[in-house]
Amino acid sequence: MSAKQVLTTLMMTLALVATGSLAQAVDMPEQVSLDTLAELFDGVAFDHAMHTDLGEDCSACHHHTTGTGTLDERCVSCHAESEEVVPVSCRGCHVADPFSAEHINRKAQDVYQFHVDTPGLKAAYHWSCVNCHAEMGGPTDCQDCHARTAAGDDFYRADVSGSSTSGKSGH
Amino acid sequence: MSGISRRRFLAASVAGCAATTLAGPKKALAAGSFTGYSDSMGVLVDLTRCIGCRSCEAACNKEQNLPAPDRPFDDQSVFDETFHGGTQQRRPDENAYTVVNRYNPEKSESPVYRKVQCNHCNEPSCLSSCFVNAYTKTKEGAVVYNSNVCVGCRTCMVACPFSIPAYSYSSAFDPVIKKCIFCHDTRLKNGLPPACVDICPQEALTFGKRKDLLKIGHQRIQTHPGRYVDHIYGEKEFGGTSWMYLSSVAFDEVGFDVNVSNEPIINNVKDFLGTVPMVLAIWPAMFTGFHLLAKKKDEHAEHDHDAEQHHDEEGGEQ
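Residue numbers (the working numbering), protein chains in the order written: chain A, 64 to 234; chain B, 42 to 359.
Don't take every hint at face value.
Stated by the list, open to error - Taking lysine-lysine pairs in the PhoX-like style, the calculated list, with each CA pair at most 20 angstroms apart, reads:
hint	chain 1	residue 1	chain 2	residue 2
1	B	Lys103	B	Lys180
2	A	Lys170	B	Lys256
3	B	Lys277	B	Lys230
4	A	Lys170	B	Lys103
5	B	Lys230	B	Lys256
6	B	Lys250	B	Lys180
7	A	Lys170	B	Lys252
8	B	Lys277	B	Lys256
9	B	Lys148	B	Lys180
In short, the hints are calculated from the structure, not lab data.
Based on the provided sequences and hints, a complete structural model is requested.
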């Protein structure tokens, strides 16, 4: 009987661990494609697993949406014990078109309370990534994270010779 | 002219003068100060966010169909360019309506970048100085101009406190003024943000209603007192501008003119200009009156003289 009990306990523990890791595998993607805004640059294949391995608190990037509290003292009063919420991805809250007429008018209606100055998706990506990379010594050049597309080359006028030092612009 | 009609004329002139004198100052006051259209749009430039990528310059070039630049837009060596013996950095010209400059303030560990373009004043001095009325401040907040009526006098270049309007010196036959128009024709009037705002990867440029941007700006200062200087450049400068700036360092360290008035430039001459219509109405009436009075005196003298002569002649005959 005692052997059976041990076995049962062991089985249950294993099952729990398996369920737990399964849940974690579903919740935490290994890799995230940040490509909804890709146009002048390719999307970023964000190595989520590598970044979580760096040991940072989930809240460092996810604010209060992962149910792990918040690191920002200004958010504590409301979100110290916020539970995990459904839109946990960046684009779940940060809109792609923060300056559209609809969004500007919605902002003016004062329904956002403290979230009135929330950055759009593009800025949310760049602030999270670039600021942390600068602090931690990660890569910070544009093309370190996303290669420029042909459209991007046109846009930045890569076709123009960079050797000119005439300094014609200005006056 | 009979005596009665002259008297009536003078009385009417005096009444006219009185009316103009009373109405004149009232009208000048009504012209007052214009603090901007209530729902006009603006941009809040946050210098603490700008990384000097020059994407805004590229976006402007594309949107406004400007000529190819000397160097690609990702070339950061342009920040080393100086003019006039190193006293001036790049500024907008006919080929670039916006430029980004780099500053190395003493108190800042990292360089500070500042985007320069037309600030779209609430009461623009370019507009008030233009004698062909080429400029318009639109209800959306943009200061636009009609190059078809521009005669190339360049008065606006002198009038602008930010040295923004540029001149197309390269055009031999039809030189006109060129400057940032807030992408009014292609974007702003359709409710879209200007191209530079759209492209900025850092949201260093926040587009919105000017009144909302002021709230947001003050909120940022309040939330991060260590990050910002407690001032929004453009909130009051020269009567307020549609484009405004937040900075982590004193504004004069990043190329802003800080010894400026909070009054629109036009206020320097508004009182004087208010008296012009009054002068135009009073002076003709007044001098006509003087003229008539003087003429009447002459007429009397002449008449008396004639009468005397006539009398003498009559006496002589007798």
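### Query
Honestly, which of those hints from before does the structure not fit?
Of the numbered hints given earlier, those the structure breaks are 1, 3, 4, 5, 9, listed in rising order.
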